[in-house]
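Asker: Listed here are the chains, written in short residue letters.
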Amino acid sequence: MPDYNWPPMDKRRVIGKPTLRRDGLEKSTGKAKYSSDLKPPGMLFGALLTSPYAHARITSIDTSGAEHMDGVKAVRVITPAGQEVQWEGTEIAAVAAVTEELANDAVRKIKVQYEVLPHLVSEVDLAKAGNRAKAAGEQVTGDPDKAFQEADVVSEGTYGIPVITHCCLEPHGNVVQMQGDHVNLWPSTQNVSGIGGDLGKSLQVPIANVHTRMQFIGGGFGSKFAADRWGVEAGLLSKAAGGQPVKLFLDRATELQIAGNRPSAFAQIKVAAKKDGTITAWQSSSWATGGMAGGGMPPIPYVFTEIPNKRLNHTAVAINTGGARAWRAPNHPQASFLTCSAFEDLAAKLKMDPVELFSKNADYTARAEVYRAQLQKGAELMDWKKRWHPRGESGSGTVKQGMGLAVNTWGGGGHASQCRTTINPDGSVIVELGSQDLGTGTRTVITMVAAETLGLPLGAITLRIGDSDYPPSGASGGSTTVGGVSSSTRKSTMNALEKLFATVAPALSTTPDQLVAVDGRIQMKSNPSKSLPWQDACRKLGTNKISEMGENNPRNPGGLNSSGVGGVSMADVSVDTETGIVKMNKFVAVQDCGLIINPKTAESQIHGAAIMGICGALMEERIMDQQTGRQLNDDMEFYKLAGIDDIGEIVVHLDIAPQHDKRGVIGLGEPPVIGVIASIGNAVANAIGVRVPHVPLTPDRVLAALEGRNA
Amino acid sequence: MSSRNDSEAPRKSKAGFSRRGFIRGAGIGGGVLGTGILEKQALAAPPAEGKFVGPGAVPITLKINGKTQTLKLEPRVTLLDALRNHLELTGAKRVCDRATCGACTVTLNGKSVYSCTVLAIDAQGKNIETIEGISNGKPHPVSTAFVNHDAQQCGYCTPGFVMAAKAFLDHNPNPTYEQVKEGLCGNLCRCGTYFGVRQAVLEAAKQVKGGRNA
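Chain order of the listed sequences is V and C.
So the first sequence is numbered by the working numbering: it starts at 1 and just counts up by one.
So the second sequence is numbered by the working numbering: it starts at 1 and just counts up by one.
Only chain C is shown next, with the shape it has when bound in the complex:
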């Protein structure tokens, strides 16, 4: 057992440093910064375009699913929180909130990203596509394949998985089984649906235009 007095700082208090706080701090070009090596590097780096914005809400223009929308958001707001809290696009889920699990996956200019670790302000000028965007009207073949192979249980990881799989297939239209396993290892599922996901992505590859098996 150990005892210590309160003067020792806890490892990670609500007021202290976190990776999330760091990216937010870096994004606003020097806002709330704590202490540590990473912050020092952040201070040394010039803010993007030399422009200081915030800390209050500023106009942020996002092109989401082909539609341009202007929101008033604090510069520290992540793309994920902008989607979920301000646009009610709740397909992307907040799970780990630090770029580990992939439940928040969306695409930026066709490339899959963890939207929990992208600031909304930094997503300006890029084409943002969410699960809602690919599910407008007819379901995307990846979504259908996830149903056909029962690649989901509770479904909380599923929209992120579908977006990751869609982006993966856009870049690898005719993957092997091994490539599927490698290409989708950035998404985690707790219910254990990977077996179905592997099958679903292979089936979807056949359906998606451009696949050699189409």
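Just chain V, with the same shape it has in the complex:
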């Protein structure tokens, strides 16, 4: 068996070198075709009719007006009379027509009568949740009562982080063609290899008959794994229309209402400590929602899991809103926010520098040395010692500066992935995986691994992804793609190279184990002058190509990938105490990351995570109206995202070092987003001297907190 191990750090020619993304120019010239850009011959436009009510029973539905329109090719009832809808945006009916305008007109002709039922759309005030609130059993560790009695200091606070949406720029949707029991699916998905199985099951066709293709996806962030209602309906509309393809993508309002969101988390938290900052006890009563399924308890206390005395209570609240989906590091941003906010408040009460408090308690974490080193590194990059001040001691001006920090942890690793490498007698190399590039740089990383292994330039590798006909590769979730695809590609290219060595060895009068592939040549390890150019070596294959598989088995990654990281976020903000506006000055991310294949795209991931966190800290929240049961900000004007001028300076430090590199590839799409909100919340508290209990830190909330202090 070949030695699949990654080459030693100092021997790598491609891996570890900052490399421009391979598909960059296709995107920046507008040539990249997303599924929402496609228009296969005969394509019809689909449109959905959705519920305007958060909770209602459909008493009648009349589609005849739509059916009789010229150009309307199919009309389907999705939720028939007699059924209840549980949230605004629920799919009621769908149409397919020859133009998009006509499809939207047809939807307006469908007459639906509703019996409106009582709804609950807000969980912020638990007292109003009534029977929608379901308490979980209390969890107790150690003796929290005794620990709180004996504590030198007890800090208490209430904290809240709202539901936010994924707000993918390319909305959820697909183009689907169903002819008999054969289906062509062009989705926007994080799951090219798996989504066809999901759709095939719903459409009751053999899974082998579903052909999925997707070259580009305009954002997913955890919300695009399943075939979804709109996939199934597009298929059934296509079938009803005689097999013409149907394009069905959500409009922005529906996207924000039903295509996934991050559950909220609220908590009353009490922390006990000794005078020196050693935490002795944690008590929390938390509640959360992710729609009608309620919301689970985030993993609190976060990272500092070994606090000896704990009492945890949690209540899930079911509300009439679209359901939650995995949102970049599910439950971790909430956990980090609740925990790190409570710790910062404790540090303030002790008049202690939080860097010191977090370091002091690092033994409660699974990776004390990593966090201590990162806190130190972050403080250095932040000029913390010079710029930090005790809470509220930020001078007499109206604009107050402050700093805060938070921590993250994540698993990552490598998902199940298979790769096929073909070496042709003309020297061309084709690498195929049923994977997808979410914009994370997956194409680039796979190409780099193949080029490294085969000793070829990047341009010599033809990479094919985004097609369910290629060997299956896992869904892109949990930061496991880079670990999975890099490992399967490493093995597959290595296996193919072994075959080539076997063919070439006689020509070089040696044995295959004596050969290496370097700089476009196959040469002898002991005598580099004895070599063949790649093309000549491949010509020895005659008329036979080499085709070899490689597989990453998540249960046995063989040292190529592993899981488990830590990281630290630090924020420096200015708060205008007259307007309540929070301005980002600087953000520092220090991230433990294992072996980094492409530092360029890895850094971009962390920049992106930081900016996404800034959005969540300062702007983003789904706002529901209890009177109407509807989302008030189901558009991008009032569902706010940060712009180019809202983000301040961002500094990224990747913990690239031999001791981390030897852990193999880990993946970092998710961890750097986790602590951003908490660190900014803490920086604002540090700046203005009081805690703003709920994020996002909008001017009204900041001013309210300031007024509370003055009152």
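Where hints are given, some of them may not hold.
[What the hints assert, rightly or not] The following label-pair restraints were derived from C-beta to C-beta distances:
1. V:Lys-201 <-> C:Gly-125: 48 to 58 Å
2. V:Ala-127 <-> C:Pro-55: 48 to 58 Å
3. C:Pro-59 <-> V:Asp-125: 56 to 66 Å
4. C:Pro-55 <-> V:Glu-707: 51 to 61 Å
5. V:His-182 <-> C:Leu-71: 52 to 62 Å
6. C:Asn-109 <-> V:Pro-599: 53 to 63 Å
7. C:Thr-70 <-> V:Pro-425: 43 to 53 Å
8. C:Leu-71 <-> V:Gly-559: 58 to 68 Å
Simulated from the structure, these hints should not be mistaken for lab results.
C-beta atoms are modelled at their ideal positions from N, C-alpha and C, and glycine is treated no differently.
Got chain V sorted already, so can you dock chain C onto it with the hints?
Answerer: What follows is chain C alone, placed relative to chain V:
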């Protein structure tokens, strides 16, 4: 919790008023109009050139990327939908669909516009330039700079960003860092690529003819 009967109109039914419906209505000089202050103003305003067209498809002549093309479109069709659905120029993306995010940015007579909020019929007689037009043959320096500074991830906002940056540099060939941040605040990115965008636009400024740093 609250309950109410169905006689209360929902906030914004598919049949009701929307900003998009308003601009479309205004564009055809009084087509499908609902109720509200804005519509009343629209009714009071005379239709462009006093000419009524539609609601069916009418010939619309557009000059796109230097090429004149005549399409048969309903007057309510936006420029963005004309490009994407009828001309397969899909570089401009439909994201917010109401002039917030900039993913649909094209230029009209050299000025960047949100094509989701321009009716195709109103774009007649103007020079329309799309990402495809500036990417014919050699990539535009802005596109290249976006690659060099990794100013894109999923890439869905990118063509709009590139067009906005191109138009910005055409009018501000030698911008400062602060001007770049101000000049491009009309485009939103969800992946968080702004850091690279800032660098890319500054680099492109050096490459684009007319820049003092060229």
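Asker: Where does the structure disagree with the numbered hints, that is, which hint numbers, in rising order?
Answerer: Those not satisfied are hints 5 and 6.
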